[in-house]
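Go ahead and model the full structure; you've got the sequences and the hints to work with.
Chain residues, written in single-letter form:
Protein chains: 4
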Amino acid sequence: MSKLWEKGTARLDALIEGFEIGDDATYDNRLVEPDVLGSLAHAEMLAAIGVLAPEELDQLREGLREILRLHAEGEFAMEPGDEDVHTKVENFLVTRLGDVGKKIHTARSRNDQVLVDLRLYSKRKLLETEVALLECAAALVRFACKHEWAPMPGYTHMQRAMLSSVGTWAGAYAEMLLDDWSLLEAAYELNDWSPLGSAASYGVPLPIDRQLVADRLGFAGVQNNVLYAQNSRGKVEGMIVQALAQVMLSLSKLAQDVMLFTTSEYGFFHVSDTLVTGSSIMPQKKNISMMELVRAKAHIVLGYQQQILGVLAGLPSGYNKDYQETKRPFMDSVDTVLAALAVTELTVGSLEPDEERLLAACTPELYATDRAYELVQQGVPFRDAYRQVGVSLHELPPVDARESLRKRTHQGASGNLGLQAQEEAVTRRLAAARERLDGIEHHWRNLVSGEPQKGMGGNER
Amino acid sequence: MSKLWEKGTARLDALIEGFEIGDDATYDNRLVEPDVLGSLAHAEMLAAIGVLAPEELDQLREGLREILRLHAEGEFAMEPGDEDVHTKVENFLVTRLGDVGKKIHTARSRNDQVLVDLRLYSKRKLLETEVALLECAAALVRFACKHEWAPMPGYTHMQRAMLSSVGTWAGAYAEMLLDDWSLLEAAYELNDWSPLGSAASYGVPLPIDRQLVADRLGFAGVQNNVLYAQNSRGKVEGMIVQALAQVMLSLSKLAQDVMLFTTSEYGFFHVSDTLVTGSSIMPQKKNISMMELVRAKAHIVLGYQQQILGVLAGLPSGYNKDYQETKRPFMDSVDTVLAALAVTELTVGSLEPDEERLLAACTPELYATDRAYELVQQGVPFRDAYRQVGVSLHELPPVDARESLRKRTHQGASGNLGLQAQEEAVTRRLAAARERLDGIEHHWRNLVSGEPQKGMGGNER
Amino acid sequence: MSKLWEKGTARLDALIEGFEIGDDATYDNRLVEPDVLGSLAHAEMLAAIGVLAPEELDQLREGLREILRLHAEGEFAMEPGDEDVHTKVENFLVTRLGDVGKKIHTARSRNDQVLVDLRLYSKRKLLETEVALLECAAALVRFACKHEWAPMPGYTHMQRAMLSSVGTWAGAYAEMLLDDWSLLEAAYELNDWSPLGSAASYGVPLPIDRQLVADRLGFAGVQNNVLYAQNSRGKVEGMIVQALAQVMLSLSKLAQDVMLFTTSEYGFFHVSDTLVTGSSIMPQKKNISMMELVRAKAHIVLGYQQQILGVLAGLPSGYNKDYQETKRPFMDSVDTVLAALAVTELTVGSLEPDEERLLAACTPELYATDRAYELVQQGVPFRDAYRQVGVSLHELPPVDARESLRKRTHQGASGNLGLQAQEEAVTRRLAAARERLDGIEHHWRNLVSGEPQKGMGGNER
Amino acid sequence: MSKLWEKGTARLDALIEGFEIGDDATYDNRLVEPDVLGSLAHAEMLAAIGVLAPEELDQLREGLREILRLHAEGEFAMEPGDEDVHTKVENFLVTRLGDVGKKIHTARSRNDQVLVDLRLYSKRKLLETEVALLECAAALVRFACKHEWAPMPGYTHMQRAMLSSVGTWAGAYAEMLLDDWSLLEAAYELNDWSPLGSAASYGVPLPIDRQLVADRLGFAGVQNNVLYAQNSRGKVEGMIVQALAQVMLSLSKLAQDVMLFTTSEYGFFHVSDTLVTGSSIMPQKKNISMMELVRAKAHIVLGYQQQILGVLAGLPSGYNKDYQETKRPFMDSVDTVLAALAVTELTVGSLEPDEERLLAACTPELYATDRAYELVQQGVPFRDAYRQVGVSLHELPPVDARESLRKRTHQGASGNLGLQAQEEAVTRRLAAARERLDGIEHHWRNLVSGEPQKGMGGNER
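Protein chains in written order, with my numbering: chain V, 25 to 485; chain U, 25 to 485; chain E, 25 to 485; chain D, 25 to 485.
It cannot be assumed that every hint is accurate.
Repeated chains share a single entry, so a pair holds when one copy, or any two copies, can fit it.
Listed next, the in silico DSBU-like pairs over lysine-lysine satisfying Cα-Cα at most 35 Å (straight line) [claimed, not checked]:
no.: 1; residue 1: Lys478; residue 2: Lys310
no.: 2; residue 1: Lys170; residue 2: Lys431
no.: 3; residue 1: Lys27; residue 2: Lys310
no.: 4; residue 1: Lys27; residue 2: Lys431
None of these hints come from the bench; they were simulated from the model.
Shown next, in the form of structure tokens:
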């Protein structure tokens with residue numbers, strides 16, 4: 025397809041052309057809607073400053089809505105040879121509208137278009153990820169509440185250490201995910217600034233209104249310095265993937281625990297038969313392979329994080345084509361984390377503790393420290409009590425596990441996990457995340473329909 | 025030295041002993057003060073719940089202050105064979121105070137000690153990094169203001185693209201650092217929760233008061249679930265290093281620009297002779313080697329980030345010795361970024377633009393887009409204007425660069441960079457960061473002196 | 025599609041099913057031919073030990089050839105829901121041949137099938153990479169020979185350092201690629217062992233003939249221990265990607281040089297207009313963007329290397345589903361390097377030095393060291409000569425650059441680059457790599473046609 | 025200390041000076057001996073081409089031997105302010121010998137000195153690593169032979185899969201290490217070329233004899249192109265660390281297995297009490313923490329690999345200061361792997377299988393596939409036999425595990441592991457590696473003593 029920069033002179037070598045595009049176009053399919061939204065806001069602004077006549081704006085709006093309709097029907101997919109989504113959109117408008125189409129690119133560059141497309145894509149995806157993460161946390165809290173008092177060995181160094189509970193185990197993961205949620209929030213805020221108007225990296229000698237564009241797109245504000253806008257390409261994606269990497273690490277730890285606890289040797293948990301896979305050679309196998317994949321995918325996201333940040337290191341300022349290579353690891357990371365959250369939520373929901381085996385695993389040595397503390401309470405200095413118990417482990421008296429769990433009453437211990445507060449925190453945040461996602465979708469629908477509206481604003485920066 | 029867990033039975037093999045400790049002890053030297061602070065708060069709490077008598081608390085306080093004094097004089101350094109800082113502190117107290125020393129370890133484990141030590145270390149280091157970063161941003165804003173109107177070619181793809189200015193270039197980096205600052209803030213908040221009381225990972229069957237400890241140490245609050253406290257080892261360090269990696273990427277980009285712009289070929293900037301190094305073989309060389317090191321060190325911090333996060337992936341829950349391996353990459357990353365910020369601030373402060381060469385580099389093709397916009401303003405659709413200019417590049421009329429800079433008046437462009445607002449933002453945040461650092465130091469001094477005080481509190485979580 | 029391990033009981037949850045397969049199936053399309061080759065050799069062996077009757081072997085051969093035919097016509101592509109290529113092949117044979125099809129999986133597992141498929145895939149791809157790399161090296165040597173005596177500044181620290189030549193510059197890259205070639209060779213040897221017969225990881229209680237299979241497939245021999253065969257999954261791919269990463273690093277260095285040397289500021293080289301791309305906003309731009317992509321793709325391959333090796337770290341022995349995640353980074357790395365080599369070869373072939381600008385850049389300070397050596401030859405100790413020249417740089421006498429190049433006569437210097445020897449080395453290896461690639465293709469064609477033949481053997485291990 | 029490049033003009037800023045040196049000097053302590061060896065060979069060459077008089081050579085030799093003597097006594101350590109080892113050595117010679125000392129740097133640069141130092145360091149360290157690796161492999165083969173027939177469950181997906189044996193398990197690791205050994209060998213060959221004479225990257229206008237230097241230092245030959253010599257800085261270290269990373273991955277897998285198999289839940293192996301560590305709070309704990317560290321250190325080496333290769337990506341040709349940053353991750357990787365090999369060898373040597381628990385874990389479902397094969401041998405197609413067994417798992421007949429192990433007679437299976445061949449391979453290679461290490465040490469002693477000798481030669485390149 026024709027390229028925006030062709031001037032009727034030398035043709036690009038075919039090998040180079042294929043190399044330049046690669047599978048980037050495939051990923052651009054996900055940017056059709058953001059590109060249209062950005063174009064709508066940009067066109068409104070061009071009309072507001074007099075570059076477009078009102079009827080030209082109407083034509084462009086109609087053309088852009090047509091693209092959304094075609095896209096919804098799968099009729100606007102990138103094809104081999106399409107250089108990028110921005111070119112495809114502009115070419116469509118020129119073909120459909122003639123000279124009016126040739127005006128849409130006034131005061132912008134593909135450099136700031138791809139920036140704004142990615143920001144819009146990320147706004148939605150981050151909120152979807154927050155929702156999926158909080159749903160997973162909710163499943164963990166439910167599981168923790170249900171089995172709050174089920175005794176379970178606590179491990180350190182993969183060796184049995186002290187008495188713990190299923191509630192403690194699951195509650196720990198819920199709290200971990202809540203910390204990950206706050207990282208997603210921090211990434212959301214840094215993503216929430218409109219880069220449009222930075223053009224090729226150096227602005228334009230036209231009196232454009234960047235605030236209007238930011239408001240129409242639902243951003244918290246304008247990303248100020250035009251060169252910084254370009255220099256932040258990849259950087260914002262990198263921040264987001266750093267947060268996603270933390271989510272994957274949390275899930276990979278949970279996955280490893282689930283794998284251990286479902287072996288024949290541990291036998292603490294069962295997973296529903298509808299979630300396991302078999303072997304082509306061993307008729308008896310039930311493999312928890314989705315958890316293996318979650319474990320492995322943590323490394324995939326870490327590798328993508330490395331790709332994005334590695335590409336950025338030492339790049340001179342201004343747009344560099346290198347940035348194109350950050351798109352795939354970024355989008356694949358988003359997809360990976362969304363899928364891993366859904367699978368983990370499903371897995372947690374299907375876990376069934378085997379209380380008998382759990383209790384049987386709570387062997388006497390788990391209580392060695394408790395015994396030492398009894399001696400402490402009789403006045404023996406802790407280090408002496410520790411040594412005394414250490415050389416008489418075989419004499420530890422029998423203990424009632426459930427009783428013992430209840431005795432750990434300080435904040436965050438098995439007898440005082442604060443699960444209700446966790447549940448409330450998760451529920452509150454989940455409702456807020458859903459509401460925010462609805463709000464932004466609504467804002468964008470208004471932009472498409474041409475409905476006048478205020479900006480969504482944001483925190484003062 | 026004697027180990028806390030030895031019970032007079034088998035001796036640890038010497039090869040293994042060396043392997044277990046490695047250079048970890050060296051890094052533990054930085055945790056002496058945090059370990060003492062944690063011990064002071066823990067002892068106060070043990071006294072408050074009746075495990076220690078008031079005079080025992082006094083003795084422990086005196087012993088711990090003695091350690092601080094010795095440490096300040098370089099007399100409390102880790103030696104080969106010292107297993108870790110926690111052991112060294114407890115052994116010192118037992119030797120000095122007898123049975124009272126043996127009581128300090130009641131209701132805690134080295135696992136939660138190292139956690140709290142690292143959180144205290146990180147609180148200070150994050151604030152120091154914020155101060156250094158904001159000082160570097162301040163140098164950039166000063167440089168931008170001074171040379172706001174100096175014309176300079178703007179590059180894309182490492183090729184001359186459009187007119188830009190030295191003010192735009194430097195202002196872009198100031199804004200980038202401000203975004204990095206907000207990542208440091210997000211990491212600070214996640215670090216600001218007290219893990220003490222989680223013990224080996226599973227709490228203790230004693231009625232300890234975790235909130236009191238958190239308040240005395242100046243944390244925003246208690247990290248609730250005891251197992252999550254342990255599972256967050258490495259995770260919080262990883263979050264911090266992720267933020268530090270972003271800082272290094274910003275600096276590496278600046279470094280690459282400075283290297284290019286100081287070559288004979290560009291010649292845009294000069295760096296002070298006191299900052300450059302020479303060659304052992306070529307008498308004429310002046311190398312900007314500190315910028316080369318900054319460029320390289322971005323990859324060092326990325327590698328450390330990978331080390332920390334890689335270690336965490338797929339680790340089962342509860343303490344694992346693997347965590348020890350995260351200490352070095354974490355602390356080295358902190359040191360690296362602090363040094364790189366100081367060196368970059370110094371370098372920026374010494375930069376001298378060569379206005380003559382900058383102007384000479386603003387060759388006519390930089391104005392090709394401006395010319396296209398002139399045609400747009402005469403009613404030619406942008407894409408047609410673009411093609412028209414593209415085939416008549418040799419006919420571009422001469423342009424006054426400074427005049428042209430001033431014409432780019434939209435937000436964030438060379439004629440409207442908002443440098444004063446940047447300066448105010450930097451100044452305000454720098455003052456706040458310094459005040460916060462002073463506040464926490466003051467809080468800790470009170471803890472050492474035994475002065476009663478309130479907690480520092482924090483945001484509701 | 026039906027799964028090999030389904031036994032008519034619980035159905036796999038749809039979310040999990042999608043997660044398990046992901047885009048793995050897409051990558052399995054590249055394993056259709058290897059899977060058929062492996063199946064052909066396996067079937068021959070089953071016939072040789074009496075598990076299959078001769079006519080059953082004939083039927084299976086015909087069925088497998090049919091798959092190859094369909095695949096060549098694009099009619100055997102993996103479809104959504106196909107679990108993997110092994111399942112698809114077996115299902116096809118069962119549908120087509122009935123009970124005979126059900127026998128093909130005797131004494132093997134999908135675990136050893138995917139192993140052997142990847143080894144066969146890698147054999148071909150490594151040889152193709154060697155050919156592409158040597159062609160690129162050949163282009164560099166030709167370029168070096170053509171411009172052997174063109175003076176050029178030599179840089180250190182990105183600053184002009186000493187006199188060098190275009191021949192030195194290009195010859196350096198040719199030699200670097202020859203070192204990379206030897207890494208590819210080392211990887212080839214480690215890949216060249218047949219894992220078939222290791223089954224699920226633990227062999228089978230049947231008297232299979234693993235040597236026969238290895239010979240028929242053209243491997244150097246059998247990978248002995250069955251568990252090691254499985255434990256080497258990902259490891260061999262990792263070794264290959266480590267070698268590929270080195271190739272990409274070489275190309276990224278060359279790319280960076282080409283980008284610098286084609287800026288307006290350096291202006292040393294021109295690249296053909298058919299290889300450059302334009303800007304959508306700046307009519308004058310000619311971007312060497314394929315070199316930017318090569319620079320960026322080095323980080324992509326480093327990230328893939330990290331993904332593969334990260335997945336392996338700490339995995340317990342025996343097959344783990346995690347291995348599936350190594351397939352994509354592996355195959356994408358292979359594709360990336362093959363494309364980058366072709367693009368680089370094309371770019372090098374199109375480079376035109378601008379001798380005038382090169383000569384103009386050979387400014388007097390490049391000869392400072394030469395001047396010091398003149399003093400050395402007059403008896404001044406080097407360090408004194410160095411200091412003497414260092415303080416009188418403005419007095420350096422004019423020098424004839426070409427003359428000076430010829431005076432550097434020691435091995436590997438500009439006057440004695442040994443380009444002819446390099447050319448011979450490249451030519452010899454290129455011929456050998458092509459011959460080897462032809463040989464293995466011929467061997468496989470014989471396997472498909474059922475032609476009896478000897479094994480290809482290999483070096484004694 | 026005085027810098028080689030100071031000319032009595034501007035002094036380097038103290039902050040920059042500290043930043044430039046960092047902890048690089050610490051690592052330079054390991055290069056004192058290599059630097060002296062390189063200087064001896066260089067001085068011999070300078071004498072051979074007439075730059076040094078015979079008596080000057082004698083003086084330099086004496087001075088350099090003095091450095092070795094001081095270094096052996098710990099009296100030649102790098103001190104704060106020493107720029108690097110090369111400067112320290114030259115300064116020592118100048119102070120001791122006056123003008124003769126000032127001549128040693130003729131025709132070389134610190135750039136090629138550090139290159140040759142690292143190659144010499146690597147020659148020795150690679151051979152030491154080969155010896156340590158082969159000793160570890162030997163321990164594994166001994167363990168495998170001793171417990172060849174001990175039954176053990178074989179796992180896939182961390183679930184019990186099929187019958188295996190302790191011999192199979194340990195033998196798999198021995199073979200894996202042998203593959204790693206061949207990677208070390210490949211790295212050794214690429215390291216074995218002398219870069220001396222490349223000087224600052226562009227050779228020298230003096231008739232130096234690079235072959236003589238290579239011979240005296242025991243290299244296989246000369247690294248030809250002077251610019252490639254410099255461009256290979258970091259690349260060779262990267263190749264070595266890539267091989268070391270593979271070793272660590274092997275050890276991390278073994279470590280994870282040992283950790284699993286020594287839990288209470290598995291209980292397959294015991295580790296000697298002299299190798300385990302305790303807990304400061306739980307008196308009963310016996311932690312296999314050295315294996316946890318090995319597992320974690322795999323990620324450390326992967327991160328170092330990333331650091332080295334990341335620094336190289338996109339660096340322009342010629343020396344860049346960035347290379348300095350590769351020294352630490354390189355040397356630390358070498359140390360890490362040497363220590364991990366020694367610890368693993370010790371651990372393997374102390375492992376005691378618990379045959380009773382191993383046998384008890386060989387539960388009937390392990391034989392499901394065997395049963396399917398029995399049906400196959402009765403003529404049932406495998407896929408039918410598989411399904412038949414799959415739905416009647418509870419009816420599997422009892423099996424004699426040892427008997428069954430012996431029945432797996434094909435190459436590489438439990439009944440035919442080829443352990444004797446492995447043992448011979450390990451022994452042969454170990455002897456060869458030790459001999460090679462002795463040979464190179466002997467060669468270097470002769471260089472120090474001034475003994476005339478031939479080069480060690482190498483394979484034709």
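Against the structure, the hints come out as follows:
1. Within a single copy, Lys478 and Lys310 get their C-alpha atoms no closer than 55 Å, and across copies no closer than 41 Å, so neither meets the 35 Å cut-off.
2. Only within a single protomer do Lys170 and Lys431 lie at most 35 Å apart by alpha-carbon distance; the minimum there is 19 Å, versus 49 Å between protomers.
3. For the homomeric pair Lys27 and Lys310, the shortest alpha-carbon distance between copies (14 Å) is at most 35 Å, but the shortest distance inside one copy (53 Å) is not.
4. In this homomeric assembly, Lys27 and Lys431 come within 35 Å of each other (Cα to Cα) only across copies, at 30 Å, whereas the closest approach inside a single copy is 73 Å.
The earlier numbered hint that this structure contradicts is number 1, and it is the only one.
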